[in-house]
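Asks: Those sequence lines, one after another, are chains R and C.
So the number in my numbering is just where the residue sits in the first sequence, counting from 1, plus 56.
So the number in my numbering is just where the residue sits in the second sequence, counting from 1, plus 39.
Wrong hints could be hidden among the right ones.
As the list claims (entries may be wrong) - Under the rule of at most 30 angstroms between Cα atoms (straight-line distance), these lysine-lysine pairs were calculated in the DSBU-like manner:
| # | chain 1 | residue 1 | chain 2 | residue 2 |
| --- | --- | --- | --- | --- |
| 1 | C | 193 | R | 111 |
| 2 | R | 98 | R | 139 |
| 3 | C | 92 | R | 111 |
| 4 | C | 193 | R | 139 |
| 5 | R | 139 | C | 92 |
| 6 | R | 100 | C | 193 |
| 7 | R | 100 | R | 111 |
| 8 | C | 92 | R | 98 |
| 9 | C | 193 | R | 98 |
| 10 | C | 193 | C | 92 |
| 11 | R | 100 | C | 92 |
| 12 | R | 115 | R | 98 |
| 13 | R | 100 | R | 115 |
| 14 | R | 111 | R | 139 |
| 15 | R | 100 | R | 139 |
| 16 | R | 111 | R | 98 |
| 17 | R | 139 | R | 115 |
| 18 | C | 193 | R | 115 |
Rather than coming from a laboratory, the hints here were simulated on the basis of the structure.
All values derive from a computational prediction rather than experimental measurement.
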Amino acid sequence: MSQKTPEGIPARQLTSCGDVSCEWLVNPIPRPEPDPISISLKPKVPRVTFVDHRKPNSKAILTLAQRILRDRGVEVADEVLDKGDASMPMPAAMLARLAGNPGLVVCGVSD
Amino acid sequence: MSHEVLRDIENCMDSGWTDGLPVIPPYASLVDPMLEAMGWEASDVIGEIPDQKIRVRAEQAAATAVMAGCRTEYGPLLRALSQALLDPLFNVSGVEVTTGGASVLVIVSGPIVERLGFEHEANAFGANNRANATVGRFAQMMRFFCGKGGGVLKSHGTIGHPGRISFCIAEHPVTAWGPYHTQFGLPAEASAVSIVATEGPNSCNNHYGSTGEAILRTIADCMAHYGQTAWYYRSGGFVVAIPPDHMDLVGREFSREAARQFLHDHARRQTDDLLRLGRIPATPIAYAEVEWGAPRSPLRDLQQLSFIECGAPGGRFSAVVPRWVGGQHVICRRIDQD
Chain R
57 MSQKTPEGIP
67 ARQLTSCGDV
77 SCEWLVNPIP
87 RPEPDPISIS
97 LKPKVPRVTF
107 VDHRKPNSKA
117 ILTLAQRILR
127 DRGVEVADEV
137 LDKGDASMPM
147 PAAMLARLAG
157 NPGLVVCGVS
167 D
Chain C
40 MSHEVLRDIE
50 NCMDSGWTDG
60 LPVIPPYASL
70 VDPMLEAMGW
80 EASDVIGEIP
90 DQKIRVRAEQ
100 AAATAVMAGC
110 RTEYGPLLRA
120 LSQALLDPLF
130 NVSGVEVTTG
140 GASVLVIVSG
150 PIVERLGFEH
160 EANAFGANNR
170 ANATVGRFAQ
180 MMRFFCGKGG
190 GVLKSHGTIG
200 HPGRISFCIA
210 EHPVTAWGPY
220 HTQFGLPAEA
230 SAVSIVATEG
240 PNSCNNHYGS
250 TGEAILRTIA
260 DCMAHYGQTA
270 WYYRSGGFVV
280 AIPPDHMDLV
290 GREFSREAAR
300 QFLHDHARRQ
310 TDDLLRLGRI
320 PATPIAYAEV
330 EWGAPRSPLR
340 DLQQLSFIEC
350 GAPGGRFSAV
360 VPRWVGGQHV
370 ICRRIDQD
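Work out the full structure, taking the sequences as your base and the hints as a guide.
Replies: Written out as structure tokens, the structure is:
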């Protein structure tokens with residue numbers, strides 16, 4: 057019987073039980089400790105900040121989105137921040153700064 | 040095999056403990072000897088992925104080795120390979136989730152190739168051989184298991200390639216240009232395992248060329264086709280595999296350094312053509328260092344190009360393996376006890 061969680065996350069523990077005894081199977085999959093950061097999709101203030109990750113067309117699309125949102129009366133940060141490299145994690149200092157941002161943060165768009 | 044074991048295999052498959060193929064269930068009684076062979080205690084932390092708050096313990100790597108079908112004799116190699124995979128410069132999470140669909144190319148070189156029975160000749164890129172298949176599978180499973188944030192991240196590979204199941208090549212024990220790992224500062228007599236994030240390999244055929252230059256021009260053209268990924272950022276590179284029949288010609292005319300320079304000079308396209316076809320944008324970022332009007336190389340510098348000598352005699356093929364453009368490092372580790 058499948059022990060995968062409803063979210064599709066691999067099982068934390070499996071055992072093999074025969075007629076008289078059981079043996080643990082060693083879990084090969086490391087997990088975040090503590091749990092990964094949570095993402096809120098409901099910003100506390102109606103303000104949008106864009107972060108470019110330098111993928112092709114990302115900056116052009118973000119800049120266009122900036123203009124469209126402004127035309128619709130949404131407050132948008134003037135500066136499109138630069139993450140540096142799409143293939144690398146966001147620098148810790150930038151992540152910490154953005155984590156405290158009460159508005160909506162949009163990071164890059166793919167290709 | 041008992042039905043209980045088959046049930047355990049199915050249980051692993053149904054529970055997310057798999058790369059898509061049936062696995063050897065990681066019974067503790069199998070993982071313990073693998074841990075010993077790798078020279079670790081179960082709770083040793085062998086690497087971290089700080090951005091995902093993940094610490095990888097030795098027992099997890101050993102369980103993965105068992106699941107992939109590795110023999111305990113591979114222990115020292117798997118130890119070095121695990122350390123390479125978890126080297127922050129390799130960026131295993133990036134390799135796993137990128138739209139580029141990259142895999143981990145594992146390159147084994149030195150005396151360990153023959154000692155552990157790696158295939159380095161026939162079908163060197165897809166050998167139906169236990170050492171190649173299971174060591175390559177181990178690396179992909181580690182990528183898959185460790186790079187997804189414990190299963191919470193989604194992989195975004197647009198098309199991927201079959202090497203994401205297993206991709207391990209071994210070098211000939213005797214080479215014209217010296218072992219692969221000497222390109223990364225290790226002594227010739229060492230055994231080593233190197234990893235690099237790559238796209239799938241391109242076969243490069245030349246059956247009628249009679250000079251080394253003709254072979255290298257063919258390889259240069261393969262590196263410089265319009266569809267290859269590196270035209271804009273140029274931050275990846277290539278692994279070029281040259282089997283014996285091509286090497287007989289190339290080795291007579293070129294040293295490794297001269298071949299690298301030749302390919303750098305000849306694998307080029309006109310910048311205007313790249314713009315016309317949409318391979319670089321009209322307003323490139325400064326990082327891309329676009330020089331309008333100049334022939335453009337997909338390489339930023341010569342060190343992004345490495346050579347391996349493998350494959351069978353009797354066919355006049357080489358191969359060009361484009362590196363993932365997000366992976367800027369080949370991680371090369373010496374294998375201890377060899």
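Asks: Each hint should be assessed against the structure and marked as holding or not.
Replies: Now the hints, each set against the structure:
no.	hint	verdict
1	C:193 x R:111	holds (18 angstroms)
2	R:98 x R:139	holds (23 angstroms)
3	C:92 x R:111	holds (25 angstroms)
4	C:193 x R:139	holds (20 angstroms)
5	R:139 x C:92	holds (20 angstroms)
6	R:100 x C:193	holds (27 angstroms)
7	R:100 x R:111	holds (29 angstroms)
8	C:92 x R:98	holds (24 angstroms)
9	C:193 x R:98	holds (22 angstroms)
10	C:193 x C:92	holds (17 angstroms)
11	R:100 x C:92	holds (26 angstroms)
12	R:115 x R:98	holds (24 angstroms)
13	R:100 x R:115	holds (25 angstroms)
14	R:111 x R:139	holds (10 angstroms)
15	R:100 x R:139	holds (23 angstroms)
16	R:111 x R:98	holds (26 angstroms)
17	R:139 x R:115	holds (11 angstroms)
18	C:193 x R:115	holds (23 angstroms)
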